[in-house]
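Trainee: If you're matching them up, the sequences are chains A and B in order.
Under this note's numbering, the first residue of the first sequence carries the number 1, and numbering increases by one thereafter.
Under this note's numbering, the first residue of the second sequence carries the number 1001, and numbering increases by one thereafter.
Honestly, I wouldn't trust all of these hints.
[Unchecked claim] Selected chain A positions facing chain B (Cβ under 10 angstroms, derived; list incomplete):
id, residue
1, Y20
2, G54
3, Q211
4, A213
For the record, the hints were derived by calculation from the structure and aren't laboratory data.
Where is the CB? At the ideal position from N, CA and C, for every residue including glycine.
Chain residues, written in single-letter form:
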Amino acid sequence: MLTLYDVPLGSRLLLGTARYPSPAVLAEAVKASATEVVTVSLRRESAGERAGQGFWSIVRELGVRVLPNTAGCHSVKEAVTTAHMAREVFGGTWLKLEVIGDGDTLQPDVFALVEAARVLCAEGFDVFPYTTEDPTVAERLCAAGCRVLMPWGSPIGSGRGLNNLFGLKALRARFPEVPLVIDAGIGVPSHAAQALELGFDAVLINTAISQAADPARMARAFAQAVVAGWEAHQAGPMEPREMAVPSTPIVGTALLR
Amino acid sequence: MRATVIGAGVAGLACALELAERGASVEVLERSAQLGAGSCSWFAGGMLAPWCERVHAPPLIVALGDEGFAWWSEKYPAIVRRGTLVLAHARDGAELSQFARRTEHYEWLDAAGIAALEPDLAGRFERGLYFKGEAHIDPRAALAALAERLGSLGGTIRFATEADSAAAQDGRRVIDCTGLAARSVLTDLRGVKGEMLHVRAPDLTLTRPVRVLHPRTPVYVVPREAGHYMIGATMIESDQASGITARAMLELLGAAYALHPAFGEGEILEIGTGVRPAFPDNLPRLVQRGGTLYVNGLFRHGFLAAPALARRAAAFVLEGREAPEVMR
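Isolated chain B (complex conformation) (with noise of 0.2 angstroms):
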């Protein structure tokens, strides 16, 4: 089996990970010239969070999402599996009870239960969730982990290259994985813009995801490389990828800065936006439409959900192997 798949972000490598493996010989075309760019995996959290994402998407995502811990240890042995902590400020401690009562497998913390966790938080909130079994990795790191693996299965990444995604490209099975930009096909596909910020702040040491809820603006800041944190995301709707808004910066520098004051002697490395591809129901679909498979609307999914939906790609393409959970 020969597969060409389009669109190299998280949904299009893992997939062509998971045909490589199986034997087929794979081609992957990316329109923009480097690994990420373009891509809106590259502005993603990278939160392994399957349990804490149940509280505002149906058990599929979790069911989905507890596939991929296994998966990506595997493909990214840099994976931190130190869980996720939830947090909310004192004012919207409602926030925090509604969490709880949405979610499964956490276990409730007290103020002495967040300092053994996170030193830095100590004195700074007096209750959170602490959800043990979840991870996070980092996305750019992890896509040139799949990349790589990808090349020493044999398949190739051939970038600043288009695809007509309709053509049949000379008896090669294709995926497409390009998210929004498959709207003209899967016409019911629409953007939601996620705003984020990078931020170098060493005088803060946080290992774990941590999330604040709030209201009208949560927002979560995820550990990269020592000091340096992603502080994300905004939830627009909206198909254009242009700037960040002053307000929404404003609201997750706020965030941050309440969650610890060392904030805000942070440096600001990155401002970035992408935008999310979402169905309707923003839940994930394969879609084969014509020769083509379509994996699409990964929504804020897509480092959680890609290992799933790759290997129901992977086994409808080689196998014919339906996955009705996914393709309504």
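Only chain A is shown next, with the shape it has when bound in the complex (with noise of 0.2 angstroms):
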């Protein structure tokens, strides 16, 4: 079973709350996706004191755990402000931490990154650092106190996939204890399958399933394809060949002309 933060899961599939059509069909989806996690931007819904309550509180009755997120936030300051703006709000101590550093191109700003993510463990919240496939800027980020770890598979709403493989293998083989959760970039279910094959622990999936013409069947889609990739990748799957393999011997088999 998933445990994040010594909570234990029973879905591989987070998903975010941005950009549906509609709060209903936002519930359809996270019903349909049997997800017990979703993710929430405090900041662009909250321009005034609690100017956002209408749609947190249509969050909160979704029934599953909230993991609020600094989407948007530049800067240290920024983010951790956005934090105790979350914790206020929707209680509890877990924090999706995004501090970018390229507004047009959504790249986490990995410095900052690390230095939020120590001044937050330190206040004591459960952070989930949005950060990229890079092996030293996941060892700060350890170090700094994170128990979770969410590389991108590529750049926010590409629906790319995973980008750079190689580079994803590495970090799982190099932290095997530490959850990883692939967030960002997952375009279609078979990206989330590959990803949950090579034996990451979990994906979070927003736009692909926000932006689907039917956004409550691509939930479950995805819920669905994270099952596939974790059976998968638990049942041991093949090596790969170079040549064929005949999969019944040929030796003994009649000659047909």
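Fit chain to chain and form the complex, with the hints in mind.
Mentor: Here is the structure:
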């Protein structure tokens, strides 16, 4: 079973809540996905004190664990302030930490990320850092106190799947004990299945579901893919070979002309 | 039949007019001191674009919106029916393909086709979608036209008048069109903040609404009178219309500037924010509660859906005819 910060979870699929056609469609997708964790962005929705109350209460009523995130933050200070706000609004200590380095590509600023993670871990947050596949950064995040890492598959919203397979595999091999959740870039269920097949512990999906023509149905597809990928990983996939290997012996079969 | 409509936004005025045209004696109570003030209708884009809206709304919005063309043409003859142009910059080409896959009633345009429709956009975009049948109106002029028409039918609007919508108003039928203010009764209403700008860019001529797709900050530009454009609109889960953020303004202006650099020389005439009332499915509803009929949840489809909702509200109030598609 997947355990994130000592919380056991029945599903290896985490959902983002942004850019759904409506909160009602979001609720359907969450139900269809059987996810137990949704992430919600505070920053854009909170222009004033408690201004996003309507949407937040919808998210709370989904009946799943909320992982507030710091999407859109560009500095340590912003991320820390947003984290404090998240704790006030949603209670709890979970926090998905995003510190964006480039507004265009939404690439994480790993330097600020490590610093913000250090501050927030020390304050008692359970930090889920959105990072790259860089193993040195991962090392620093763990040293800062993170016990879960969220490496990207490819840039946010790109739907390109796992861009750097070699790097991601190396990260998995290097941190066998740390739960690794692929965050960002997953476009279709086969990408999610691939991530789980490679031994990643879970995937977080937003755009691929929220922007699908039928989000609930796509959520169900992802739920199935995640189960398939994890089962395949546990079952021990065969090693690919260069040559064809007949599955039935040739010796002794009748020769047909 | 005597009816009181509460709220003089587009939903309230459309309902009042439908009732008055069917012979009811109608008065409209409006909290603010003048037409449009305090109403999110004042800040609307005024696009009658049901087929474009299909990209993120269910077919009901198309059906309701489709009824609006004839209604507005009759009530507001200044309606402009020149279609909608949907564009994306080359790097966002995937957005355009996805938009096309989810919608109908458009034709693909190449660079020459775009230039033929809007000469000032010549050489700026390679591909676009043209929704020929769509239209746009100036929401402020349209509200005034509805109010005037209502007056000519004997209806009255009392400004600066608070109304307790729950109280039975001495035998009058009450239709509450107060948007987010009805939240104490319609508890699943929420606000979706929108921010917009009015810019005068006299060097630029656009004759129809232009939507520029972008994965994070899609914008639309709607022409008003000569050289004057409305640029909108953000969608933020928030109940408070408190001012525009610098980021939102930057994004709106950046997108407009990328559409055409002439916006860079434009003069900012107005910055506006409003809060759209929305139910969880972002679809409008008629809700009968106590003696009051609530017409609410028009979200970003106020001018688009108000005529169809007003008709159904009037039919329900005057004839008891139910409209199951909006009375869920």
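Trainee: Now tell me, hint by hint, if it's right for this structure.
Mentor: Hints, one by one, checked against the model:
no.: 1; hint: Y20; in the structure: holds (9 angstroms)
no.: 2; hint: G54; in the structure: holds (3 angstroms)
no.: 3; hint: Q211; in the structure: holds (7 angstroms)
no.: 4; hint: A213; in the structure: holds (6 angstroms)
Violated hints: none; the structure is consistent with every hint.
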